[in-house]
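Here is what each chain is made of, one letter per residue.
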Amino acid sequence: MTRGLTWLGDRRTVVLTLLGLVAVGLVPVLSDGTDWLGSWKLALDRGTFSLTLIGPVAAGVACTAYVRLATSGVEPLVQTARRPWWPWLRPALATWGLGAAAMLTTTLGTTVAAQAAGSVPYPRTLWVLLPALCVLAAQVAVGALLGGAGRRRWLAPVAAAATFGLGVLGAVGVVPEVFRAGGLTGSYAGETFDVTTHALQAGAALGVAAALLTLSNRAAVWRSWTTRAVVLGLVLGGGACYVAFGHGTHESTRPLAEPALVCRGHAPRVCLARETTRPLDDLVRRMQRQAVALTDLDIALPVRFVQPRPGTDPAPGDGGLQLYVEEELAGEVSDETAARSLATPAECPAYRGDAPPPEASFDARRLLARWLLVRAGLLEPGADDQDRAWLASGTDEQRPWVVATYDRLRTCRLGELRLPAGV
Amino acid sequence: MPEALSLRAVGLRCRYPPATADAVAIDDLALGPGSTGLVGINGAGKTTLLLTLAGARRPQAGAVTLDGADLYGPHRRELVGRIGLMPQSLDLPAELRVADALSYVGWLRGVPRRVAALREPELLAAVGLQPRRDERVGRLSGGMRRRLVLATALVTEPAVLLLDEPTTGLDPEQRAGLRTLLLDLPGATVTVLSSHVMEDVERMTSRILVLDDGRVLHHGETAPFVVEHGGPERSAELAFLATLARGRS
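So the protein sequences, as listed, match chains A and B. The working numbering applies: residue 1 is where the first sequence begins, and numbers increase by one. The working numbering applies: residue 1 is where the second sequence begins, and numbers increase by one.
These are calculated hints, taken from the structure and not from any lab test. Honestly, I wouldn't trust all of these hints.
[Said to hold, decoys possible] If you want the ones that stay clear, here's a sample from chain B, every Cβ over 12 Å from chain A, calculated:
#, residue
1, Ala69
2, Pro121
3, Glu157
4, Asp213
[Claimed, not checked] Label-pair restraints from in silico Cβ distances:
#, chain 1, residue 1, chain 2, residue 2, range
5, A, Arg152, B, Glu173, 32 to 40 Å
6, A, Arg83, B, Asp134, 26 to 34 Å
7, A, Ser224, B, Arg215, 31 to 39 Å
Yeah, the Cβ is synthetic: ideal placement off N, Cα and C, and Gly gets one too.
All chains, please: the whole structure from these sequences, using the hints.
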């Protein structure tokens, strides 16, 4: 057995602990489905989110190891070691190593699965694992402190609960999110991880870890000038990060300056953010099927339909895609989504402005989308639908409204939009 | 002729804050070659003194020197490595094998892995645990565990050996066995043995140090101490009690 694992149990216990950590790590990863298969960055985020439970369990494991160490009578020998801080911190390091292995295994699983499902990998964003490992260090340090200073076995579940509670308090905004990793909503389309936010979190987490580990045994850790300098540096730096992290808004993600698009198809040409291309082929197929109704009326489609991306203004002439977040991540989209997208031939500024667009613009787009579905044979209007009569009328009757409406939508003359008579 | 090894404490004051009273207050104590029995009632300060002499507990005031060099000074690492400590209780993980336990303490004490591996057979043989080197610590009897702890104290090949209650918790047979073992130990030239089993002290030490309330009541040769203060029965226990009573009066 390696010396680092001495206080964690025999080999079998260590292997079982590792398997247990991986198992509990999968709970938060899979608790909300497998949407993350549609975005490699989201899969990476979900991998780090496994720390939501791996961290608390690791804190409990560390607490147990430190209770054993502190009550074994070995401490006088630790104090006479050449570097007393080293044998004292080894169980924490070993526990951290187990937790890190569990998190990395989970992350490897999510990212490989996402790639296999068709998501484009972004290996350059793997750096986000480093701040997550710093968060894990702080989580383990909670257990080390309670075990080393409290010296009671029943403190292990307390350490786990306290670590989990700190994560929850961070998530609800009571304290800075030092103990939280991953778990963001959204699809990461056109976005990436924000370096500053994660660096501040990592610094704060390391500061917390250094402070807690020092408090777990001041005589051993606060012994040499070197360790004092390292601890002081980490605590002061971490304190500064904590203060900066707690003030102002620090988003975990930021929009990409030049988000990449992947485009496919013709009439219409459809472009999705490179991060979320999983539903692209299905979306193109469904839009092409419905677009026939428009081209039959000699209506010119936009050059392309593009997925809106945060922080990026749509290019003139581009139509907008109207996907729900879950559809951005899924393998397939609905026909309604394809119709809604075709009924948005321009991403008008009014759609994103502070003041809502005219009510008629919603009604007109909704009717246009229903018309597309009916024409493609994908919708049968209900007996009580107000637009049933108009949808059942002939193309000659429908053509003037469809052509005029599409032109107004494409040129963003939303105030001129009207519903057909009788609808 | 080289000067004999000497472990010395001067102006020693040890406290456990927030308590303000000294747990150990010794003005001058020199421990030379040979074995010294450290006796006192529970709470007399024996363990605190031993830990301080071992370099495991920095005193609030005063100095501990080994051959004139400050144990808590700049050469602490080298000096501490020359002192072996057998703690009063050492519960090494039950799942460790005997050889691994010895190797672990060797690592703690800064003994290189290769050197520790070379010393292991000799040490285990010295404490009679060589046949059990692959056995788990949890399967050893109480006496065997104490012998293993003794082996761990010897892993640095110490010149000074500090033994804190080495026979506590052992039955008479185990105690006798360990006593024989301690008497036959090679190497260490300065041995301090803390115990409140006066029989152990009388049989195993040539000098005796009586500690009470952290202060030295008596420090001298064991045999004359028993003869002078042990009454007609020449009882070491009576000698200790008489010294205690005299010191407190």
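Hint by hint, here is what the structure shows:
Taking the minimum C-beta to C-beta distance to chain A, about 16 Å, the non-interface status of Ala69/B holds against the 12 Å cut. Pro121/B, annotated as away from the interface, keeps every beta carbon of chain A farther than 12 Å; the closest lies near 20 Å. For Glu157/B, the shortest C-beta to C-beta distance to chain A comes to about 15 Å, beyond the 12 Å cut-off, and the non-interface label holds. Consistency note on Asp213/B: stated as away from chain A, and its beta-carbon is indeed over 12 Å from all of that chain's, at 22 Å minimum.
Taken as a hint, the range 32 to 40 Å holds for the pair Arg152/A and Glu173/B, whose Cβ atoms sit roughly 35 Å apart. At roughly 30 Å, the beta-carbon separation of Arg83/A and Asp134/B lies within the given 26 to 34 Å, and the hint holds. Between Ser224/A and Arg215/B the beta carbons are some 33 Å apart, a value that agrees with the proposed interval 31 to 39 Å.
In the structure shown, no violation is registered for any of the earlier numbered hints.
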